[in-house]
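Asks: These protein sequence lines map, in sequence, to chains D and H. Start counting the first sequence at 0; every next residue gets the next number (numbering that gives the first Met the number 0). Start counting the second sequence at 0; every next residue gets the next number (numbering that gives the first Met the number 0).
Take these hints with a grain of salt, some might be off.
[Claimed, not checked] Facing chain H, from chain D, some residues (calculated, C-beta under 10 Å):
{"hint": "1", "residue": "LEU31"}
{"hint": "2", "residue": "VAL32"}
{"hint": "3", "residue": "GLN40"}
{"hint": "4", "residue": "THR50"}
{"hint": "5", "residue": "LEU63"}
{"hint": "6", "residue": "ALA64"}
{"hint": "7", "residue": "ILE78"}
{"hint": "8", "residue": "SER88"}
{"hint": "9", "residue": "GLY112"}
{"hint": "10", "residue": "SER116"}
{"hint": "11", "residue": "LYS118"}
[What the hints assert, rightly or not] Straight-line alpha carbon distances no greater than 27 Å define the calculated DSSO-like cross-link-like pairs of lysine-lysine that follow:
{"hint": "12", "chain 1": "D", "residue 1": "LYS118", "chain 2": "H", "residue 2": "LYS58"}
{"hint": "13", "chain 1": "H", "residue 1": "LYS127", "chain 2": "H", "residue 2": "LYS58"}
{"hint": "14", "chain 1": "H", "residue 1": "LYS96", "chain 2": "D", "residue 2": "LYS118"}
{"hint": "15", "chain 1": "H", "residue 1": "LYS58", "chain 2": "H", "residue 2": "LYS96"}
{"hint": "16", "chain 1": "H", "residue 1": "LYS37", "chain 2": "D", "residue 2": "LYS118"}
{"hint": "17", "chain 1": "H", "residue 1": "LYS58", "chain 2": "H", "residue 2": "LYS37"}
[Said to hold, decoys possible] Covered stretches of chain H (in silico footprint by chain D; criterion: 3 or more residues with CB under 8 Å from a CB of chain D, positions within the stretch not fixed):
{"hint": "18", "region": "16–27"}
{"hint": "19", "region": "42–54"}
{"hint": "20", "region": "101–107"}
Just so you know, the hints here were simulated from the structure itself, not pulled from any lab data. Where is the CB? At the ideal position from N, CA and C, for every residue including glycine.
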Amino acid sequence: MNTLKSKYIASQKSKGFILVIIMLVLLTNAVLVMGLISLAQTELQLVANRTAAVKAEYIAEAGLAAAIDSLQQNGASTINWQTTFPPSSSDNYEVTITTGTPVVVVSTGTQTGMGISHKLEIECAISGSSSPYTVVVSQWRQVMP
Amino acid sequence: MSLKNKPRGFTLIEVLGAIIILGTVIVPLIIYMGDALKSNLDVERRVRSTLLAEGEVEKINTALYNSYTTSFTNWPLVLSDNYLVSRTLIDQTANLKRIVVAVGYDTNLDNTLASNEILITLTTLYVKRT
C-alpha cells in the first residue's frame with residue numbers, strides 16, 4: 000500500500016516536468032545564439048578597423064609619393080601641407096618635409112570614417128643643381144603612434 | 000486501480016504546449032543564427048578582398064617601377080575563386096599616377112564587378128623617379 004502511495008506521489012510530482020526541459024533547451028540555445036551574434040559583431044568591427052588601417056597606410060604612402068614629387072620638382076625646403084585624398088573623399092594626408100642632412104619626410108594618412116591614422120617617415124638625400132632634382136631614399140619606416 | 004494502466008509519459012496537451020513554446024522561441028533564434036552566419040561569411044570575404052587588394056596595389060607599384068607607361072588592360076579580372084578586381088590609373092600630375100584598386104566578390108557570378116559587389120577600394124599615388 001505504501002509503495003502504491005509513493006508511486007502515486009512521484010507521478011504527481013513529475014507533472015510539468017516537460018516545461019523545465021523546454022526552458023533549459025531554450026536557455027541553452029539563447030545563450031549559444033547570443034554568443035554567436037556577439038562574436039559576429041566583434042569580427043565585423045575587427046575587419047572594419049583592419050580595412051580602415053590598410054586604407055590609411057596607402058593614403059600615407061600617397062603623401063610620401065607627393066612629397067618625393069615635390070622634392071624632385073622644387074628641391075629641399077621645409078614645408079607642411081595637408082591634402083584631401085582620394086579627391087572628393089573625407090580622407091586626407093598631411094606631409095611635413097624638414098630640410099637637413101638627411102631630408103626627413105613624414106606623411107600621416109587618415110581614414111576619417113573610422114578615425115584611424117597611419118604615419119610613415121622617410122630619410123632622403125637630394126642632389127642635382129636644377130629641377131628635376133634626384134631624390135635617393137635611404138630610410139623608410141613606419142612610425143608607431 | 001491497477002498501476003499497469005496508469006498513463007505514463009507526457010499528455011497530448013503537454014506535448015502541444017511544448018511544441019508551441021519551442022516554435023515561437025526557436026524560430027527567431029534560428030533567424031538570428033542565420034544572420035550571424037551570414038555576417039561571418041561577409042567578414043571572410045572582406046578579409047580576403049583586403050589581402051587581394053593589397054597584393055594588387057603592390058603588383059601595380061612593381062609594374063610601374065619597371066615601366067612607368069605600363070598598361071593593365073591585359074591583366075586578369077578574376078583574382079581567385081570569385082574575387083574580381085578593377086584597376087584604374089589616373090595621371091594626377093606629370094610625374095604622379097593615382098592607383099585605384101577595387102576588389103569584391105562576384106555574388107551574382109556574372110564576371111563583372113558591380114558597385115554593390117565592391118568590398119574594398121584602395122587608392123594611392125606612385126611617383127615617377129627622375
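Asks: State for each hint whether it applies.
Replies: Going through the hints against the structure:
no., hint, in the structure
1, LEU31, "holds, 8 Å"
2, VAL32, "holds, 5 Å"
3, GLN40, "holds, 8 Å"
4, THR50, "holds, 6 Å"
5, LEU63, "holds, 8 Å"
6, ALA64, "holds, 4 Å"
7, ILE78, "violated, 16 Å"
8, SER88, "holds, 8 Å"
9, GLY112, "violated, 12 Å"
10, SER116, "violated, 16 Å"
11, LYS118, "violated, 15 Å"
12, LYS118/D x LYS58/H, "holds, 22 Å"
13, LYS127/H x LYS58/H, "holds, 16 Å"
14, LYS96/H x LYS118/D, "holds, 21 Å"
15, LYS58/H x LYS96/H, "holds, 14 Å"
16, LYS37/H x LYS118/D, "violated, 35 Å"
17, LYS58/H x LYS37/H, "violated, 32 Å"
18, 16–27, "holds (count 6)"
19, 42–54, "holds (count 6)"
20, 101–107, "violated (count 0)"
When each numbered hint is compared with the structure, violations occur for hints 7, 9, 10, 11, 16, 17 and 20.
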